[in-house]
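Enquirer: Chain by chain, the residues:
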Amino acid sequence: MKRTLPAVLLTATLALAAGCDGSGGGDASQANAASGPITIWLSNNSEELAWGKAMVESWNAAHADQKITAQEIPAGKSSEEVIGAAITAGNAPCLIFNTAPAAIPQFQKQGGLVALDEFDGAAQYITDRTGDTAEQYKSPDGKFYQMPWKSNPVMIFYNKDIFAKAGLDPEKPALSTYDEFLTAARKIKSSGAAPAAIYPAPSSEFFQSWFDFYPLFAAETDGKQLVADKKAQFNSPEGQKVADFWKTIYAEGLAPKELYNGDSFADKKAAMAIVGPWAVAVYGDKVKWGAVPVPTSTGKPAEQVKTFSDAKNVAMYSACQNRATAWEVIKFATSQEQDGKLLDATGQMPLRKDLQTAYPDYFTQNPAYKQFADQAARTVEVPNVPNSVAIWQAFRDAYSESVIFGKQPVADAFSGAATKVDELASGS
Amino acid sequence: MTAAPIEGGVRRNRVAAFFGRHPVGMILSAPYAVYIAVVFAYPLGFSLWISFHDYFFAAPGAVVDHPFVGFDNYKAVLTDPAVRQSFGNIGIFLIINVPLTAALALILAVALNRVVHARTFLRVAFYVPYVTASVAVVGVWLFLFNSGGLVNSVLGPFAPDPSWLVNEGLAMPVIALFVVWKQLGFFILLYLAALQNVPNELYESASVDGANGWNKFWSITVPAVRPATALVVILALITGANLFTEPYLLTGGGGPNGASTSPVLLMYQRGLQQGEPDFAAALGVILVIGVLIVALINRRFIEGKD
Chain A
1 MKRTLPAVLL TATLALAAGC DGSGGGDASQ ANAASGPITI WLSNNSEELA WGKAMVESWN
61 AAHADQKITA QEIPAGKSSE EVIGAAITAG NAPCLIFNTA PAAIPQFQKQ GGLVALDEFD
121 GAAQYITDRT GDTAEQYKSP DGKFYQMPWK SNPVMIFYNK DIFAKAGLDP EKPALSTYDE
181 FLTAARKIKS SGAAPAAIYP APSSEFFQSW FDFYPLFAAE TDGKQLVADK KAQFNSPEGQ
241 KVADFWKTIY AEGLAPKELY NGDSFADKKA AMAIVGPWAV AVYGDKVKWG AVPVPTSTGK
301 PAEQVKTFSD AKNVAMYSAC QNRATAWEVI KFATSQEQDG KLLDATGQMP LRKDLQTAYP
361 DYFTQNPAYK QFADQAARTV EVPNVPNSVA IWQAFRDAYS ESVIFGKQPV ADAFSGAATK
421 VDELASGS
Chain B
1 MTAAPIEGGV RRNRVAAFFG RHPVGMILSA PYAVYIAVVF AYPLGFSLWI SFHDYFFAAP
61 GAVVDHPFVG FDNYKAVLTD PAVRQSFGNI GIFLIINVPL TAALALILAV ALNRVVHART
121 FLRVAFYVPY VTASVAVVGV WLFLFNSGGL VNSVLGPFAP DPSWLVNEGL AMPVIALFVV
181 WKQLGFFILL YLAALQNVPN ELYESASVDG ANGWNKFWSI TVPAVRPATA LVVILALITG
241 ANLFTEPYLL TGGGGPNGAS TSPVLLMYQR GLQQGEPDFA AALGVILVIG VLIVALINRR
301 FIEGKD
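If you read the protein sequences in the order shown, they are chains A and B.
First residue of the first sequence: 1, per UniProt numbering; consecutive thereafter.
First residue of the second sequence: 1, per UniProt numbering; consecutive thereafter.
Because the hints were derived from the structure by calculation, they are not lab data.
Just so you know, not all the hints are guaranteed correct.
[As the list claims (entries may be wrong)] With a straight-line cut-off of 25 Å between C-alpha atoms, the simulated SDA-like cross-links for lysine to any residue are:
hint, chain 1, residue 1, chain 2, residue 2
1, A, LYS407, B, THR79
2, A, LYS109, B, LYS75
3, A, LYS189, B, LEU142
4, B, LYS75, A, PRO386
5, B, LYS216, B, PHE301
6, A, LYS109, B, VAL69
7, A, LYS407, B, GLY88
8, A, LYS143, A, ALA174
9, A, LYS407, B, PRO160
10, A, LYS269, B, VAL69
Generate coordinates for the entire structure from the input sequences, incorporating the hints supplied.
Expert: Next comes the structure, spelled out in structure tokens:
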């Protein structure tokens, strides 16, 4: 008996495990046609939450039989992990208004997403609203598993007071070429105006490259993604130039190599930061800021510079039973009226092709946001490829080793990472 | 006509053999057995199964294949340089953490055992870091060990460059020291309990024989608390094998350059962040086997054959 009981337990365990293969029933077409109450998750950013609650209230007032129940995304290390767990558990909500494009391939592979193309006119609606940029949000199978919603085109924010203290022009600083940027950074550091010229997070998380390497790579290459046609694009002369720029920043101590716990720009520990317009509301009156496009090696004119979008989109999850309502809610929440309210409440840029002409009053009253709207028309998204997160992690590891810590020549590190990324992008 | 009573008797004997002489014991232990089965045996068996299949987490209802891949996941784990680096990092951690934990805990327990005044205050003082959430105390260490921190201010020109937590050679030792400091209170308590069982007569006899303090400590105290030492070493080893929060928070996700990545941190990154639970499960199984081997070696050398 002493031996039989553990053996029975183990066998039962393995049998149960083998049985848990995720297969089961479910009528997708029935769910696609069904209307009724739905749940949605919203970001926990206070401005966005306020917009979301107002949007829900507005919908619920007109749809008594199809009420939305909204809540913040449950707390977790990252939204992507929480959503991934919810997909596996089968309790994801119908819609999440904070789905990161980088996570889409993984959620799709999990069978957690509904292709929006399954709804009449959906693909047309997306393209009409978003324009050519919508193409970046298509999955490799040609379908939309995400509704492009809003972007935060990242730019170089600078602190006008620190710049003035360092003897730099606070109104029109020369920051468009790598040389100009480095000269300004050196002046900030040597003058003691701030402990750091710029302070991107030097940590190893896969997404950190979106706020140092990737915006400059997008600008330098006129809009190339990290991966195209299943091939890594960063192991190129342009990628090397961007890496060398950042390597100089770290080697000269213009950016610290250790993590700052907090917002270094808001805390005035750094004179510059790479962030999107969401930060404007956060900085408030704490920092007198200005913003310029990210630099390029040759100093491209501002109107030609591309950057990383830092977009968050709306996705419909396969656990949803009333998908017809969910699709109507997507259309409602991304309508011109609701996009205008989002812009007004958060300063984030709805992913609309007609952004500036749709809200002329807003941009007249808030001229500071106009440059972000300009920039929003020239954004580059993360590639929508298999193993997306693993690809970013492989890149980050190589970047960290060669650029931040200088332990390996950039060319060698990038070449090794490119081989790995090619393998991952091919789906193996 | 006589068959029935015999059959009944046999059945009763079988039932008695199954439930033992005190069937109520089975009932009382059943909740714990269920708990072990659900919380320990099932996940362990499941992860073992995952490690031999091409597996990823899928939505209920999603039709996905999980083909048997034999030892492919294990091969991937064993040939991954990041895994080798993480085990190397843990090796450095254990070499620093385990002996230091055992030695400091014993020395401080002996000292605390002799203290007459403020005994409770001192015991609590050592115990507070253990019961404080890692996330909170990590903040204190970041304040101490970042480049502009207190330690570097005191060291001045002697401060390491790059600083402690971004220095590949120093990041793991700093984490090991942090964990020694954090866990010490618990291990001191274990030793304090063990010290209560050491007969005072032994020390008195040794004094009569002319033994000094060191001789008494080395010849009486250390052998007497050997079972506690074995427990301390095993628990410190398990802490090391499970290391996650400290490198994650102190060094920003396993930096610098992977020098503080632990196998569990890698399991989290590969299994949850990068959607490769099969790889993570194989790594977990290897980690469990590694800990079992080290625990067996520990039993052999520290606990002895008795």
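Enquirer: With reference to the structure, classify each hint as holding or not holding.
Expert: Against the structure, the hints come out as follows:
For the given pair, LYS407 (chain A) sits about 22 Å from THR79 (chain B) by alpha-carbon distance, which is consistent with the 25 Å threshold. Our distance criterion of 25 Å between C-alpha atoms is met by LYS109 (chain A) and LYS75 (chain B), whose separation comes to about 24 Å. The straight-line distance between the Cα atoms of LYS189 (chain A) and LEU142 (chain B) is roughly 23 Å, inside the 25 Å bound, and the hint therefore holds. With a C-alpha separation of about 22 Å, the suggested pair LYS75 (chain B) and PRO386 (chain A) falls inside the 25 Å cut-off, and the hint holds.
A distance of roughly 22 Å separates the Cα atoms of LYS216 (chain B) and PHE301 (chain B); the hinted pair therefore holds under the 25 Å criterion. Only pairs whose Cα atoms come within 25 Å are accepted, and LYS109 (chain A) paired with VAL69 (chain B) is accepted, the gap being roughly 19 Å. Between the alpha carbons of LYS407 (chain A) and GLY88 (chain B) the distance comes to roughly 18 Å, so the proposed pair stays at or under 25 Å and holds. Taken as a hint, the LYS143 (chain A) and ALA174 (chain A) pair is broken in the structure, with Cα atoms around 43 Å apart against an allowance of 25 Å.
This hinted pair checks out: LYS407 (chain A) and PRO160 (chain B) have alpha carbons roughly 17 Å apart, not beyond 25 Å. A distance of roughly 51 Å separates the Cα atoms of LYS269 (chain A) and VAL69 (chain B); the hinted pair therefore is violated under the 25 Å criterion.
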